[in-house]
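Chemist: The lines below spell out each chain.
Protein chains: 2
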Amino acid sequence: MTLIVTGSIGIDTISTPSGERREGVMGGSCAYFAAAASFHCPVRIVAVAGDDLPPSFLKTFTHFGIDTRGLEIRKGEKTFRWGGKYLGNMDQRETLFTELNVLGGKPAAIPAAYQDSKYVFLANAPPAVQRAMLDNFPGRTLAVADTMNLWIETAKDDLLALLKEVDGLVLNYDEAEQLTGKTNAVAAAKHILEFGPRFVVVKKGEHGCILVHRDGIAALPAYPAENVVDPTGAGDTFAGGMMGYLAGNKLEDPAAFPDVLKALAHGTVMASFTIEAFSLERLEELTKEELAARFAEFAAMLRLA
Amino acid sequence: MTLIVTGSIGIDTISTPSGERREGVMGGSCAYFAAAASFHCPVRIVAVAGDDLPPSFLKTFTHFGIDTRGLEIRKGEKTFRWGGKYLGNMDQRETLFTELNVLGGKPAAIPAAYQDSKYVFLANAPPAVQRAMLDNFPGRTLAVADTMNLWIETAKDDLLALLKEVDGLVLNYDEAEQLTGKTNAVAAAKHILEFGPRFVVVKKGEHGCILVHRDGIAALPAYPAENVVDPTGAGDTFAGGMMGYLAGNKLEDPAAFPDVLKALAHGTVMASFTIEAFSLERLEELTKEELAARFAEFAAMLRLA
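Note that the protein sequences, when read in sequence, are chains L and Y. So the first sequence is numbered by this note's numbering: it starts at 1 and just counts up by one. So the second sequence is numbered by this note's numbering: it starts at 1 and just counts up by one.
Here chain L stands alone, though its shape is the one from the complex (with noise of 0.2 Å):
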């Protein structure tokens, strides 16, 4: 099935604790995600950028055969920009600057040719746009929400009128902590279950993930990666990996449990690839072969009986 995905497209400047140093590279929530999906079923993009778009971001989209009917370029105005330099461990990093830009401005609109979309992902923005977009899909299957420390500062109303319209909820620790005083992830994301959502995914970096979900609790370790390059990315890929392998498959109850476990893992491999190299590097070389191989070697070292 067509998994649909809104969020940002951006012009990333990354700098790693190696040295290492990437400028006027593809980013943003809806490309990492886009990229991620593509390898489990099609994708379709709803995301605005200014003119100044580089040509290589539309032929990446088109190597991961991505649906781009709702890129909307607007003339004269920028693409979204952010710059962020990574230290330590890669743990922490500092944002250098953002610049909003076209980002700043009305969302993008939907094509009519989208609204059959069953699968939906809102990547990170203010929620009452998610909401917004979400109204656009009315025979929807499955929508899932990203979201950050921002709106629940500023917008916390907001986002509890989308909880109550999203299927799931994917989070950092620190948000789910935030979002509801609670200090433990498995009991700030059963709080969040109140609010609406089957179920919440709390992600923790190289901590890997905890699933909070109506019919059970589970987590996940990361994949050991070892030679970390760029983490930017891992999240929405993350999240890409997860959505794909639910609308890609002919499931019953795509917000069942085990299935949305099993999407966590395919999640978490996906991740570990595009952490290997800057921006989409990894995943525009990687082949279908590969991600098989590492699912089946991941899930190997999880099987203790």
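It is worth saying that the hints were derived from the structure and are not from the lab. Incorrect hints may have been included.
The list makes no distinction among identical chains, and a pair is therefore deemed to hold if it is satisfied within one copy or across any two copies.
[Unchecked claim] Below, computed lysine-lysine pairings styled on DSBU-like, alpha-carbon distance capped at 35 Å:
{"no.": "1", "residue 1": "288", "residue 2": "182"}
{"no.": "2", "residue 1": "85", "residue 2": "156"}
{"no.": "3", "residue 1": "288", "residue 2": "156"}
{"no.": "4", "residue 1": "85", "residue 2": "182"}
{"no.": "5", "residue 1": "59", "residue 2": "78"}
Given the coordinates of chain L, work out where chain Y should sit on it, guided by the hints.
Modeler: Showing chain Y alone in chain L's frame:
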């Protein structure tokens, strides 16, 4: 097979963020380890205490069927005492006091009857002491050591000498980084393998553990616990569950990668009970059936394919 552990017996005072407090409860690496391991195999302890050791502690050892012939109670001396306070979500703790007392004197003697022990765990102690202990068991099958940041700082050469003699090392993430200068858990543990052991276990508390073995690399999550009352002893009972499994099952090579990994899962499940109450309170109530049921649940949670 019989497992021997050398380590501390302590009288602990513990405060938690909920405002709860326990004074004068049983603690120490040896106590926690032995209690945990006793669910899997017979356990012998080698430790020193003062004659202020509460008689209830001896009853607790009896409850777990622990062989205490190697517990030396020194007249006129005081038992090791430790006080700690947990903060935030329990991932930080402040040491309120450490009174070495009898631990500052000479190490415990090893009873002649213990010298046939095949499985040896050296809980945290000065590495030179750990090495001298190990010399008592020339016919051992498996030896694993724990260590801490203090010895990495003050006795690194002794620690490196110890690492040539043991099959495995268990340590915390920050200690692995400190010992190697590497800021990635896998890279740090791989570096430690070069010092001698066949495997290194990096403990990450609520984030699980990483196993780096000459024959493979794996990661496990912690059991997703909601109700964490007192994390004291989690690491020692993790090691106890691990070593107990390796000693208690007739394994051809108890340091083989798949067996150590399975042992870590048993350690993980054991630690998940420890933290549900203060001191050894939860392990004292724990039944083999509860333990087996949670292990089955943990294994099922990780069965992805």
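Chemist: Which earlier hints turn out false for this structure, listed by number in ascending order?
Modeler: Failing hint: just 3.
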